[in-house]
Amino acid sequence: MSSYLSIEQVGVSFDTERGPYVALRDVNLKVARGEYISIIGHSGCGKSTLLNLVAGLLRTTTGAILLEDREVSEPGPERAVVFQNHSLLPWLSVYDNVKLAVDKVHGKTRSRAERRDWVLHNLALVGMSHAIERKPGEISGGMKQRVGIARALSMEPKVLLLDEPFGALDALTRAQLQDKVMEIQTRLGNTVIMITHDVDEAVLLSDRIVMMTNGPAATIGEILTVDLPRPRNRLTLADNPTYVKARAAVMEFLYARHAINKVEAA
Amino acid sequence: MTVQTEQMPKSLAGLPGRLLSLDRAAVLRWLRRRLAAIVPPLVMLVLLLGLWELLCRGGHAPLPPPSQVIHDTWDLISDPFFDNGGTDKGLFWQIAASLTRVAQGFLISAVVGISLGVLIGQSSLAFRGLDPIFQVLRTVPPLAWLPLSLAAFQAATPSAIFVIAITSVWPIILNTAVGIRNIPQDYRNVARVLRLSGPEFFFKIMLPASVPFMFTGLRIGIGLSWLAIVAAEMLIGGVGIGFFIWDAWNSSLISEIIVALIAVGIVGYILDRLIGALGDLVAGNVKS
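So the protein lines, in turn, are chains D and S. Heads up: the first sequence begins at 1 in the numbering used here, then just goes up one per residue. Heads up: the second sequence begins at 1 in the numbering used here, then just goes up one per residue.
Treat each hint with caution, since some may be false.
To be verified - A short list of chain D residues far from chain S (calculated; beta carbon distances all over 12 Å): (1) VAL22; (2) ASP96; (3) HIS121; (4) ILE184; (5) GLY221.
Claimed, not checked - Derived lysine to aspartate or glutamate pairs resembling EDC-like cross-links, with alpha carbons at most 20 Å apart: (6) D/LYS158 <-> D/ASP103; (7) D/LYS104 <-> S/GLU200; (8) D/LYS104 <-> S/ASP186; (9) D/LYS158 <-> D/ASP15; (10) D/LYS108 <-> S/ASP186; (11) D/LYS104 <-> D/GLU74; (12) D/LYS30 <-> D/ASP96; (13) D/LYS30 <-> D/GLU138.
No wet-lab data here; the hints were simulated from the structure. For glycine and all other residues, C-beta sits at the position ideal for the given N, C-alpha and C.
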């Protein structure tokens with residue numbers, strides 16, 4: 001069957017001094033257009049590797065990744081990444097950081113005025129219109145991450161890749177930003193793949209949760225469909241039986257069946 | 001309403017007084033900070049001059065005391081702009097000649113150093129090939145290059161400029177390379193996702209990200225240039241502070257040597273501060 005994004009029999013191994021190290025093996029996943037997928041697993045399970053493969057920042061050793069039936073072989077703006085630590089360029093203002101992406105991606109198809117409007121539009125979308133002339137060093141971590149999201153959205157990606165986007169934020173800011181991302185995703189219908197290690201975040205945001213087994217040679221252990229209607233509200237979901245059940249299932253996978261063996265981890 | 005009109009003038013009347021007292025406190029604080037920075041070095045300077053005066057007074061010491069230095073060289077200090085032709089020029093012209101050579105040599109070393117630094121920072125093959133050679137060459141003392149460059153250029157001025165360039169180029173190369181190698185992988189990934197071209201990557205990411213490191217190298221480099229020029233000029237002659245010192249030594253004008261040394265120190269300090277300030281200005285835009 002053909003699908004929007006298709007990860008087919010993907011494996012990755014790295015050459016090390018002690019021979020090849022198999023990071024991922026036999027990963028198969030089909031993602032529909034507009035779907036919100038979370039990838040969850042313990043550290044070292046290769047979830048970031050998987051995201052980098054989809055981004056094209058890493059090459060697959062075996063298998064292939066297809067986006068609209070075309071093989072992914074290099075990075076590109078149609079698979080925009082929101083990096084874990086925002087990676088805004090500190091010498092550019094908030095506006096110029098987004099403008100860099102917009103000029104590069106839409107430089108040939110849109111006029112200067114259109115591009116300017118598009119930058120402002122995307123900054124407004126994440127609620128950053130008030131600080132467009134500030135430098136990244138002058139705004140909070142949550143605001144930086146918003147700008148990172150605006151930059152990614154401005155590329156109009158086919159797939160939006162989020163690499164633990166809320167990991168470095170405090171709990172309140174994280175909740176705020178999760179709501180923002182949910183709202184934007186509902187409005188624009190983006191296809192999203194998000195790496196996370198936070199069970200609540202995965203259940204709240206995702207249509208499906210991809211659970212990874214532990215590395216080396218990690219692969220997909222289980223995929224859980226979260227059958228909750230949108231828009232979702234974190235307050236009313238707290239004792240929703242479907243939510244509670246999904247949460248329990250992920251917890252069970254991570255901490256009972258695939259708990260990290262302490263001796264092995266050390 | 002009545003309450004307000006009664007209160008308004010009252011509060012306004014107090015305002016200028018409050019502002020004035022606030023201002024005075026701020027001025028006092030500022031003055032105290034300034035004094036705390038200026039007084040200790042001044043005290044030390046006076047103590048050192050006093051010691052020097054004490055040790056060299058009486059005419060038996062080989063070096064003149066400060067009072068003698070000022071007495072001997074008052075013409076030199078009071079008129080840095082005289083020009084009697086030949087090498088008999090005021091301190092200003094001597095230093096200007098040296099600075100011109102430094103400017104030329106340093107410009108060459110900045111351009112070459114940054115280019116080579118970018119090369120070995122960006123390509124690990126170039127790094128492995130060139131770094132060991134650079135590590136050996138950079139330990140060669142500046143003056144050791146002079147005979148070789150005189151042989152190569154057959155003229156004094158280009159040789160001096162070459163010595164300056166070759167002396168100051170190493171810290172610029174090495175620091176630039178470190179800056180390039182330290183560009184976070186995240187920035188490179190951003191560039192790859194955006195599919196920035198080579199020149200776009202260079203101007204939009206590599207250059208701004210490594211500018212603070214470049215300026216560290218430039219700052220060390222300008223200091224070394226100034227060290228090298230004084231030594232080189234002693235040997236090549238002509239107008240310039242280095243030869244001025246050598247000339248004074250040959251004429252046994254010890255006081256003139258001392259004045260020239262002080263001038264060299266002050267100019268070196270100013271050069272260092274200039275590059276430092278320029279670096280701060282540029283790097284101020286790069287803090288994350």
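Now for the hints, and whether the structure bears them out:
no.	hint	result
1	VAL22	holds (23 Å)
2	ASP96	violated (10 Å)
3	HIS121	holds (19 Å)
4	ILE184	holds (19 Å)
5	GLY221	holds (28 Å)
6	D/LYS158 <-> D/ASP103	holds (18 Å)
7	D/LYS104 <-> S/GLU200	holds (10 Å)
8	D/LYS104 <-> S/ASP186	holds (18 Å)
9	D/LYS158 <-> D/ASP15	violated (32 Å)
10	D/LYS108 <-> S/ASP186	violated (26 Å)
11	D/LYS104 <-> D/GLU74	holds (16 Å)
12	D/LYS30 <-> D/ASP96	violated (36 Å)
13	D/LYS30 <-> D/GLU138	violated (41 Å)
Hint compliance for this structure: hints 2, 9, 10, 12, 13 are not met, and every other hint is.
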